[in-house]
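Enquirer: Work out the full structure: start from the sequences and follow the hints.
From first to last, the protein sequence lines stand for chains A and B. Under our numbering, the first residue of the first sequence is numbered 1, with each subsequent residue one higher. Under our numbering, the first residue of the second sequence is numbered 1, with each subsequent residue one higher.
Hints should not be assumed to be uniformly reliable.
Said to hold, decoys possible - Computed beta-carbon distance windows for the label pairs:
hint, chain 1, residue 1, chain 2, residue 2, range
1, A, 61, B, 378, 28 to 36 Å
2, B, 72, A, 93, 31 to 39 Å
3, B, 228, A, 32, 31 to 39 Å
4, A, 152, B, 297, 48 to 56 Å
5, A, 18, B, 439, 27 to 35 Å
6, B, 707, A, 156, 51 to 59 Å
I should point out that these hints are in silico values taken from the structure, not numbers from a laboratory. For glycine and all other residues, C-beta sits at the position ideal for the given N, C-alpha and C.
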Amino acid sequence: MPTVQFQLNGTTAVVEADPDQTLLDVLRGRLGVTSPHFGCGAGECGACHVMVDGRAMTSCDMPMWSVAGKDVVTVEGLGTAERPYPLQRAFISEQAMQCGYCVSGILVSAAALLTRNPSPTEAEVRAALDRNLCRCGSHNRMVRAVLRAAAEMAAS
Amino acid sequence: MNMPSPAPKLPVSLVANPKVSSWLRFTEDGRVAISPGKVEIGQGIVTALAQIAADELDVDIGHIDMIRASTAMSPNEGVTSGSLSIQQSGRALRHVCAEVRQRFLTVASERLGVDAALLNVEDGTISGPGNVRTSYWELAGDVSLDHDITANASAKSVAKRGVAGHSVQRVDIPDKVFARPRFIHDCALPGLMHGRVLRPDISGAKLTALNEEAARAVPGLVAIVRDGGFAGVVADSETAAETALKALRKAATWSAGEPLPDEDDLAGFLRSQPVETTTIDTRTAEPARKPAQTLRRQYTRPYIAHASIAPSCAMAQWDGDRVHVWTHSQGVYLLRADLAIVLRLPAENIVVEHMEGAGCYGHNAADDIALDAVLLARAADGRPVRVQWLRHDEMSHAPFGAAMAIEIEADLDADNEIVGWRHAIWSNGHTARPGRAAQPALLAATEIANPYPRMISTDPPAANGGGGDRNSVPLYDLPAWTITCHRLLTMPVRTSALRTLGGQGNVFAIESLLDEIAALRGEDPIAFRLRHLRDERARDVISAAARRAGWKPWKRPGIGHGVGFARYKNTGAYCAAIAEIEGTDDIRVKRLTLAVDVGEAINPDGVVNQIEGGAIQATSWVMKERVRFDRTRITSTSWSDYPILTFSEAPAVDVEILQRPEIEPVGAGEAAHGPVTAAIANAVFDCLGVRVRDLPITRDKIIAAMELAS
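Expert: If you want it as structure tokens, here you go:
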């Protein structure tokens with residue numbers, strides 16, 4: 001089986017994988033990276049979002065051949081309880097979820113947004129999260145959390 | 001001589017589970033393990049229960065460990081549903097913790113030689129005058145909790161509660177933002193195998209033949225499992241399981257299915273089926289007042305999908321004739337009861353343990369997939385098997401919230417005052433949960449050799465809030481009414497409990513017609529409602545919402561406002577909603593203002609979160625959602641075919657809590673749906689001058705209503 005090499009959360013990952021296998025399957029099934037979640041398998045819900053070269057992408061329909069040489073970041077690579085990323089801190093401050101299953105995909109979309117646009121408007125935040133579905137109705141709390149993180153990052 | 005006081009009443013969960021140690025244990029490391037029978041489904045219940053325990057025990061909430069429900073050890077609290085967890089588990093834990101505190105203080109008093117009344121507890125350390133001190137943990141070896149609860153202890157007064165009644169951060173949220181595995185989907189048991197189940201696209205079709213050859217050739221395949229019409233695969237990876245399942249699907253032959261109704265004439269279907277008819281309530285006026293006219297209106301709501309963001313998941317592992325099941329079911333004991341029937345095993349041979357899943361909003365496929373996992377794991381030689389449904393499965397095979405047709409006839413006198421009210425409901429039953437009948441409710445039980453029939457949904461009794469009839473008895477002071485519920489005895493589309501059961505439909509119907517009558521009278525809809533309500537808590541939430549929304553704003557073209565109100569189940573939380581919408585034919589909900597009274601709000605921010613979430617979910621139901629099908633199959637099996645509200649479409653939501661710490665708390669999870677639905681529909685009328693009585697309120701429905709009106 002061919003090997004695919006890519007950057008995962010700042011370290012080099014080399015995996016043997018069928019080129020058509022999805023990045024989500026490899027992350028969850030082979031590398032034990034469980035923050036990207038399976039939701040639909042069709043790139044429609046955003047629960048599996050990971051950052052690929054700085055952009056939020058669905059990993060459930062991303063074949064491994066397309067990942068070679070790319071820089072992949074998941075929530076595991078954003079921050080930890082000891083060194084939280086501002087978005088993680090803001091999601092706790094705003095209590096921005098109910099069940100939280102969609103949250104890792106949303107954190108990734110928001111992180112990608114703040115990288116390219118550090119001070120988004122509320123409408124820009126909503127537009128950036130439109131590829132993520134939340135069924136619990138925590139939308140407004142999450143939008144507030146993203147705006148809070150942006151303000152915090154601008155102030156520091 | 002003192003008069004004996006009436007025997008204090010124990011909370012229901014303690015009557016069923018009186019042993020103190022099943023609820024609470026002091027663990028050796030200065031921590032307290034609290035073991036409720038209710039489960040976390042994203043509603044924040046575990047945090048609210050921890051708050052109650054922290055308060056009554058005087059232990060820092062950070063030192064409380066909330067134990068996940070398991071049939072191996074937890075109290076049996078039935079199912080986590082109906083917004084009852086705070087009422088049932090919260091009251092039980094408050095009582096247990098109060099008694100434990102009192103017992104420890106008594107022992108500490110003897111040990112320290114200090115009157116118990118002079119002792120103080122701070123984070124579990126008990127101290128008193130003269131610098132004497134001990135702790136729960138020091139005394140734990142001498143105070144057995146293996147006894148039945150008494151009714152003697154009394155909980156703290158409201159003024160002395162320092163944690164309950166205040167917003168605290170939820171205990172589960174840090175794990176979820178730092179990607180620490182917490183969901184069942186993320187649990188990596190050693191030696192875990194993966195399973196998938198083969199199910200037909202055609203509704204009600206049965207597997208008649210299966211060629212296993214191609215699936216057998218898939219690398220990583222461990223077993224193909226067949227049991228009558230139940231078929232699935234076990235493999236050493238998810239990828240292999242899915243590849244094998246695809247091969248099986250190509251090689252499967254199915255019988256013809258059972259026809260589905262016409263999705264464009266749900267009312268016609270619902271009103272033509274054999275039914276069981278129940279008179280829910282009647283009120284007669286003496287003397288009866290003669291109507292000058294009768295308004296007759298029909299309201300419908302479609303089948304609605306739970307549409308959890310996570311497809312359901314379960315794991316099972318056999319050890320001889322014993323099996324351990326991990327599940328995100330809302331009722332571990334109820335699921336165990338159904339598994340015992342299907343497996344023909346004593347319940348003691350089965351342990352069902354809860355792990356968190358995504359929000360379920362009612363009875364989705366969580367229980368079904370647990371049986372799938374158990375059946376597949378039989379072929380795994382003692383290794384654990386994880387089964388996950390796909391999006392398509394979740395949107396077609398899981399039960400849906402039942403479609404409803406509701407007809408109300410309102411008799412009006414010459415002044416258009418209501419003198420008579422007849423409310424009739426046609427709907428499938430709203431619950432077919434496991435563990436409550438002699439036959440199992442689980443999907444695979446209808447597929448195995450010697451299959452069980454599909455359980456036709458029933459309705460909970462009125463004392464538990466009813467089902468199709470939930471919230472159908474008006475809270476308004478009308479002079480006469482008859483409420484009738486017709487429960488279907490056929491069930492071509494599988495239904496079971498979805499948030500509010502029939503409450504959303506009934507509140508939509510009642511509140512829409514009241515609004516129409518107020519408009520007919522030229523009376524402000526809020527004034528009209530207040531004039532017909534005597535319950536002060538009801539009046540207060542309506543007035544609070546009106547005040548907060550600045551009711552009624554100046555009429556502007558293209559903007560509409562509407563109000564809706566209900567007390568969930570007529571016994572639970574009071575909620576009033578005011579909707580602001582904009583649009584001409586394609587409308588958008590801009591803002592929802594809500595006021596809610598849950599009695600004592602244990603975690604006020606948690607209550608706001610539930611109300612906000614309920615309001616946004618209800619907006620999604622009202623504006624977009626409808627399970628689609630043709631005459632043979634469910635067709636809304638993806639997010640493109642079953643769209644839900646997006647971030648850009650979500651309205652602003654503003655919530656006011658009317659805190660009443662002296663009143664026993666009730667749940668908040670289902671309070672908003674009915675009022676928000678009605679408020680949006682009434683705002684559509686305010687904005688466009690037409691009434692849409694058939695949910696969802698889409699552009700097509702609005703245009704059709706306008707054409708009918710012109």
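Enquirer: Hint by hint, note whether the structure agrees.
Expert: Here's how the hints hold up against the structure:
no. : hint                          : result
1   : 61(A) <-> 378(B): 28 to 36 Å  : holds (33 Å)
2   : 72(B) <-> 93(A): 31 to 39 Å   : holds (37 Å)
3   : 228(B) <-> 32(A): 31 to 39 Å  : holds (37 Å)
4   : 152(A) <-> 297(B): 48 to 56 Å : holds (52 Å)
5   : 18(A) <-> 439(B): 27 to 35 Å  : violated (44 Å)
6   : 707(B) <-> 156(A): 51 to 59 Å : holds (58 Å)
Going down the numbered hints, you'll see the structure goes against just number 5.
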